[in-house]
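**Student:** First to last, the sequence lines map onto chains A and B. Residues in the first sequence are numbered from 1 upward in steps of one, following UniProt numbering. Residues in the second sequence are numbered from 1 upward in steps of one, following UniProt numbering.
Hint data in this document are derived by calculation from the structure and do not stem from the laboratory. Some hints could be false.
A partial selection of chain B residues facing chain A, derived with a Cβ cut-off under 7 Å [to be verified]: (1) Ala82; (2) Gln83; (3) Gln207; (4) Ala251.
Straight-line alpha carbon distances no greater than 25 Å define the calculated DMTMM-like cross-link-like pairs of lysine to aspartate or glutamate that follow [as the list claims (entries may be wrong)]: (5) Lys150/A x Asp324/B; (6) Lys255/B x Glu325/B; (7) Lys142/B x Asp306/B; (8) Lys255/B x Glu9/A; (9) Lys103/B x Glu75/B; (10) Lys283/B x Asp319/B; (11) Lys255/B x Asp324/B; (12) Lys142/B x Asp107/B; (13) Lys150/A x Asp319/B; (14) Lys175/B x Glu75/B; (15) Lys235/B x Asp147/A; (16) Lys103/B x Glu325/B; (17) Lys142/B x Glu153/B; (18) Lys260/B x Glu9/A; (19) Lys142/B x Asp319/B; (20) Lys46/B x Asp306/B; (21) Lys150/A x Glu75/B; (22) Lys142/B x Asp314/B.
FRET-style restraints, in silico, Cβ to Cβ [claimed, not checked]: (23) Trp289/A x Glu289/B: 46 to 52 Å; (24) Lys175/B x Ile285/A: 53 to 59 Å; (25) Asn179/B x Ala303/A: 48 to 54 Å; (26) Ser294/A x Asp96/B: 52 to 58 Å; (27) Lys184/B x Ile16/A: 34 to 40 Å; (28) Lys184/B x Ile285/A: 48 to 54 Å; (29) Asp319/B x Arg111/A: 55 to 61 Å; (30) Glu71/B x Leu183/A: 26 to 32 Å; (31) Leu92/A x Asp319/B: 37 to 43 Å; (32) Asn179/B x Ile285/A: 28 to 34 Å; (33) Pro33/A x Lys184/B: 58 to 64 Å; (34) Arg111/A x Thr161/B: 32 to 38 Å; (35) Asp319/B x Ala138/A: 19 to 25 Å; (36) Lys184/B x Ser294/A: 27 to 33 Å.
As the structure is a prediction and not an experimental result, all values here were calculated from the model. Even glycine gets a Cβ: it sits at the ideal position worked out from N, Cα and C.
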Amino acid sequence: MTRLVTSREAILALAILILLAVIATRFPGFVAPANLARVLTDTAPLILLALGQMVVIVTKCIDLSVAANLALCGMVAALMNGAGLPLPLILLAVIGLGAALGAVNGLLVWRLGIPSIVVTLGTMTIYRGTIFLLTGGAWINAHQMSDAFKAFPRAVVAGLPVMAWIALAAVAAMALLLTRTPLGRAFYAVGGNPHAAVYTGISVGRTQFLAFVLAGALAGLTGYLWVARYAVAYVDIAGGFELDVVAACVIGGIAIAGGSGSVAGAVMGALFLGIIKNALPVVGISPFWQMAISGSAILVAIAFNAASRRDPGRIILKRAEHRT
Amino acid sequence: MSILRKALTTAAMATALVAGSAQAEDMRIALVVKALGIGFFEAANKGAQEAAAELGGVEIIYTGPTDTTAEGQIEVINSLIAQRVDAIAVSANDTDALVPTLKKAMDRGITVISWDSGVAAEGRQMHLNPSSSALIGNTIIKLAADHLPEGGEVAVLSATTTSTNQNTWIEEMNKVAGNYPDVKVVGTVYGDDLADKSYREAQGLMQTYPDLKAIIAPTSVGIVAAAQAVTDAGKIGQVNVTGLGLPSEMAGHVKSGASKSFAIWNPIDLGYSATMIAYHLAKGDAKAEPGATIPIGRMGEVTLDDNTEAAMADPFTYDASNIDEFSSIF
Numbered sequence: 001m002t003r004l005v006t007s008r009e010a011i012l013a014l015a016i017l018i019l020l021a022v023i024a025t026r027f028p029g030f031v032a033p034a035n036l037a038r039v040l041t042d043t044a045p046l047i048l049l050a051l052g053q054m055v056v057i058v059t060k061c062i063d064l065s066v067a068a069n070l071a072l073c074g075m076v077a078a079l080m081n082g083a084g085l086p087l088p089l090i091l092l093a094v095i096g097l098g099a100a101l102g103a104v105n106g107l108l109v110w111r112l113g114i115p116s117i118v119v120t121l122g123t124m125t126i127y128r129g130t131i132f133l134l135t136g137g138a139w140i141n142a143h144q145m146s147d148a149f150k151a152f153p154r155a156v157v158a159g160l161p162v163m164a165w166i167a168l169a170a171v172a173a174m175a176l177l178l179t180r181t182p183l184g185r186a187f188y189a190v191g192g193n194p195h196a197a198v199y200t201g202i203s204v205g206r207t208q209f210l211a212f213v214l215a216g217a218l219a220g221l222t223g224y225l226w227v228a229r230y231a232v233a234y235v236d237i238a239g240g241f242e243l244d245v246v247a248a249c250v251i252g253g254i255a256i257a258g259g260s261g262s263v264a265g266a267v268m269g270a271l272f273l274g275i276i277k278n279a280l281p282v283v284g285i286s287p288f289w290q291m292a293i294s295g296s297a298i299l300v301a302i303a304f305n306a307a308s309r310r311d312p313g314r315i316i317l318k319r320a321e322h323r324t
Numbered sequence: 001m002s003i004l005r006k007a008l009t010t011a012a013m014a015t016a017l018v019a020g021s022a023q024a025e026d027m028r029i030a031l032v033v034k035a036l037g038i039g040f041f042e043a044a045n046k047g048a049q050e051a052a053a054e055l056g057g058v059e060i061i062y063t064g065p066t067d068t069t070a071e072g073q074i075e076v077i078n079s080l081i082a083q084r085v086d087a088i089a090v091s092a093n094d095t096d097a098l099v100p101t102l103k104k105a106m107d108r109g110i111t112v113i114s115w116d117s118g119v120a121a122e123g124r125q126m127h128l129n130p131s132s133s134a135l136i137g138n139t140i141i142k143l144a145a146d147h148l149p150e151g152g153e154v155a156v157l158s159a160t161t162t163s164t165n166q167n168t169w170i171e172e173m174n175k176v177a178g179n180y181p182d183v184k185v186v187g188t189v190y191g192d193d194l195a196d197k198s199y200r201e202a203q204g205l206m207q208t209y210p211d212l213k214a215i216i217a218p219t220s221v222g223i224v225a226a227a228q229a230v231t232d233a234g235k236i237g238q239v240n241v242t243g244l245g246l247p248s249e250m251a252g253h254v255k256s257g258a259s260k261s262f263a264i265w266n267p268i269d270l271g272y273s274a275t276m277i278a279y280h281l282a283k284g285d286a287k288a289e290p291g292a293t294i295p296i297g298r299m300g301e302v303t304l305d306d307n308t309e310a311a312m313a314d315p316f317t318y319d320a321s322n323i324d325e326f327s328s329i330f
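So here's chain A without its partners, still in its complex pose (with noise of 0.2 Å):
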């Protein structure tokens, strides 16, 4: 299984040194390293949200209110910005106030058993309304916001901006929590198989719960990034993103099913979708024809991962599941 795991991940990072290498051809300057650190930093929040989604969609579940409640905590931090509050009290609200959003979902996922799908399909309108009850509808702008508020996420340490930076130790900390601990193992076994994971004594909806209020708090943590980054915060910011998110995930190799998926797949389906944001604008093609090469890229490497799927590891869990 793991070799599985990392063959597709190998041919991820394939697809995308030939992705580099084709939109090189085109438009030399995209792979100069200045260019890439700002593709990463571009792509940072979409590498951010597509963690907290993996570990939601690794438990089986799904959850399409992140870009609401990235919409909802960014805004609240520009709101809190306008009072004066200081910008380390913002970071720990921000990330807190998601948590909490996100604990919404697990909440009622867990203790009314409500698919999850529906579920942040209706929190994801609220939190939208939220944000217009909050401001009726009103921009918040450049000018509002403070220069402090606006410059960490573009502070520049060690080459990369802060941005940057964070998408990589939130990259390094998930791994170490789904790799190295209790708490991730038990994210794969709710997934993988929910009745093998109850006889082991994990508590599904607990865990899934969970899942939901990590993906919470990083959406949190982003849309804070995301309004300062882009100087700008109202009720659409991030629309749609939340499916950009999932096809980071899925094009990532995380199985929609649940149960198998890896940081370092959601961090290159996350990078493959940035690279591909990145170099259409300047490789010169059409717009008529971006969204359809951004579809069909997004439709191949799901063809990849389908045949991939056809794996050893499905077979056992089968067996195992015919045994019990």
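Following the hints, complete the assembly by docking chain B onto the known chain A.
**Tutor:** Relative to the frame of chain A, chain B by itself:
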């Protein structure tokens, strides 16, 4: 249809004339807005008051519902009909829903015009647009050209590939591009009115065209995102961001220098012009029919087209000299 409308209009005009001469007191013009408490309309009211003061003998009734619903506006208009005002100038929440009520008003001899957001032709005598596609198209390229005495490359950052407004404006812009021979429009990209995509497209433009001198973004999301991208790329002073935006959203970027100037209609002028037109129509010294010309005081005059619609003026240009005044308004 057209004869009926003409007959109706003439009847309304005649009644208005009679009503006008019967009452020697102030002419009462009602400015009905989409909702009270919106900065844009408060500013339009300011313009209407200015027009009233200039004309003399005119009382402005500034009114509207508390939320932007057609039902609320119908109630407001019904009460204005009961008060027998001389003219109603409305920015409608719904193109069709207000028509029956406004027809009733016209039957009672009240002059009815729409402005900003129009009602269907049978529900008003004329409609005042803040500007026209041709004027907007010319303005956006002129804004870029004004700050490029030596010319240079400019690019357009639009909304989506299917946005009717933006596509029309860009088409009109390309028609008059020949008048600005030194300004070379090198490309059009689409930010889909998403902050992140617009930001990336603006970054892409600066990479693809290293000599780019200006980005024209005729969309309020795009212009803000482009200004931020230029700021982050450290290209303030090198790449000028212009187009259509709202003063409250652009204030920071005008102050930082990322945008030297941009345009949007001026609500004060719009309220002023709507009042002027309502006054002349109600007084009977102008007629609302295709091809007619109506004077609008300091704004000059407007000419009605075949749909009895008129365009007020070029969009108003905002820059460092007036941004503070308007950023608090809308």
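**Student:** Take the hints in turn and mark each one as holding or not.
**Tutor:** Hints versus structure:
no.: 1; hint: Ala82; verdict: violated (31 Å)
no.: 2; hint: Gln83; verdict: violated (30 Å)
no.: 3; hint: Gln207; verdict: holds (5 Å)
no.: 4; hint: Ala251; verdict: holds (5 Å)
no.: 5; hint: Lys150/A x Asp324/B; verdict: holds (22 Å)
no.: 6; hint: Lys255/B x Glu325/B; verdict: holds (13 Å)
no.: 7; hint: Lys142/B x Asp306/B; verdict: violated (28 Å)
no.: 8; hint: Lys255/B x Glu9/A; verdict: violated (48 Å)
no.: 9; hint: Lys103/B x Glu75/B; verdict: holds (14 Å)
no.: 10; hint: Lys283/B x Asp319/B; verdict: violated (38 Å)
no.: 11; hint: Lys255/B x Asp324/B; verdict: holds (10 Å)
no.: 12; hint: Lys142/B x Asp107/B; verdict: violated (45 Å)
no.: 13; hint: Lys150/A x Asp319/B; verdict: holds (23 Å)
no.: 14; hint: Lys175/B x Glu75/B; verdict: violated (44 Å)
no.: 15; hint: Lys235/B x Asp147/A; verdict: holds (18 Å)
no.: 16; hint: Lys103/B x Glu325/B; verdict: violated (38 Å)
no.: 17; hint: Lys142/B x Glu153/B; verdict: holds (14 Å)
no.: 18; hint: Lys260/B x Glu9/A; verdict: violated (48 Å)
no.: 19; hint: Lys142/B x Asp319/B; verdict: holds (14 Å)
no.: 20; hint: Lys46/B x Asp306/B; verdict: violated (30 Å)
no.: 21; hint: Lys150/A x Glu75/B; verdict: violated (46 Å)
no.: 22; hint: Lys142/B x Asp314/B; verdict: holds (11 Å)
no.: 23; hint: Trp289/A x Glu289/B: 46 to 52 Å; verdict: holds (48 Å)
no.: 24; hint: Lys175/B x Ile285/A: 53 to 59 Å; verdict: violated (26 Å)
no.: 25; hint: Asn179/B x Ala303/A: 48 to 54 Å; verdict: holds (52 Å)
no.: 26; hint: Ser294/A x Asp96/B: 52 to 58 Å; verdict: violated (39 Å)
no.: 27; hint: Lys184/B x Ile16/A: 34 to 40 Å; verdict: holds (36 Å)
no.: 28; hint: Lys184/B x Ile285/A: 48 to 54 Å; verdict: violated (21 Å)
no.: 29; hint: Asp319/B x Arg111/A: 55 to 61 Å; verdict: holds (57 Å)
no.: 30; hint: Glu71/B x Leu183/A: 26 to 32 Å; verdict: violated (54 Å)
no.: 31; hint: Leu92/A x Asp319/B: 37 to 43 Å; verdict: holds (40 Å)
no.: 32; hint: Asn179/B x Ile285/A: 28 to 34 Å; verdict: holds (31 Å)
no.: 33; hint: Pro33/A x Lys184/B: 58 to 64 Å; verdict: violated (32 Å)
no.: 34; hint: Arg111/A x Thr161/B: 32 to 38 Å; verdict: violated (45 Å)
no.: 35; hint: Asp319/B x Ala138/A: 19 to 25 Å; verdict: holds (23 Å)
no.: 36; hint: Lys184/B x Ser294/A: 27 to 33 Å; verdict: holds (30 Å)
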